[in-house]
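Per the numbering used here, residue 103 is the first one in the sequence shown, and the count goes up by one each step.
Calculated from the structure, these hints are not laboratory results.
Glycine residues also receive a C-beta, built at the ideal position from the N, C-alpha and C atoms.
Certain hints may be false.
To be verified - Computed Cβ-Cβ distance ranges for the label pairs, DEER-style:
| id | residue 1 | residue 2 | range |
| --- | --- | --- | --- |
| 1 | S243 | G128 | 40 to 50 Å |
| 2 | A120 | S216 | 32 to 42 Å |
| 3 | T106 | S251 | 48 to 58 Å |
| 4 | D138 | G266 | 35 to 45 Å |
| 5 | N223 | R159 | 18 to 28 Å |
| 6 | S130 | T258 | 39 to 49 Å |
| 7 | T123 | A260 | 34 to 44 Å |
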Amino acid sequence: AALTSNQLAAMDSADLGALNTAQIRGLSTRGLAAMDSADLAALSSVQVAAMSSAQLRSLETNDLVGLATAGLSGLSAEQIGVLTTAQLAALGSDQLQSLSSAQIVGLTSQQLASLSTDDLNTFTSDQFRAMGTAQIAALTSNQIGQLESADLAALTSAQFKAIGAAAVGGFDNTDL
Numbered sequence: 103a104a105l106t107s108n109q110l111a112a113m114d115s116a117d118l119g120a121l122n123t124a125q126i127r128g129l130s131t132r133g134l135a136a137m138d139s140a141d142l143a144a145l146s147s148v149q150v151a152a153m154s155s156a157q158l159r160s161l162e163t164n165d166l167v168g169l170a171t172a173g174l175s176g177l178s179a180e181q182i183g184v185l186t187t188a189q190l191a192a193l194g195s196d197q198l199q200s201l202s203s204a205q206i207v208g209l210t211s212q213q214l215a216s217l218s219t220d221d222l223n224t225f226t227s228d229q230f231r232a233m234g235t236a237q238i239a240a241l242t243s244n245q246i247g248q249l250e251s252a253d254l255a256a257l258t259s260a261q262f263k264a265i266g267a268a269a270v271g272g273f274d275n276t277d278l
């Protein structure tokens, strides 16, 4: 039987860290929503990887920031793609930088377009290189204009071609 919200609330971080993947998958979205940032920080990458799309979307944005980079590493590209724009925006720069190339490809056009220029600038050149052309095309002219020269230099020719004419207007002479 699945744990109730009350049972989940009574667990400490060590108890939560001991849950197996079947128990994680059995948690209700209501139960997961009751978890706070300290609870999420106690989860391993294997436990986080076991969460369904609905479970991930149920996490409060202010609690999601508690998810340690180790836990975040367990998310698949598909799971990254189901995070809401608010959840993604709530992640810290260390969490964004910890996303692997395999996870980066899961970011949707809507998610990328919603990122602040500061958040986008936390990505590394390798992370930009991992993006598909549709992802690069989704970036706004303001976002493109604020990218670091090293990040622009890391783009492939196909990625560079994907930058729309309107976005090219965001370049200044130091970018070219």
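May I ask which of the numbered hints given earlier this structure violates, with the numbers listed in increasing order? Those not satisfied: there are none.
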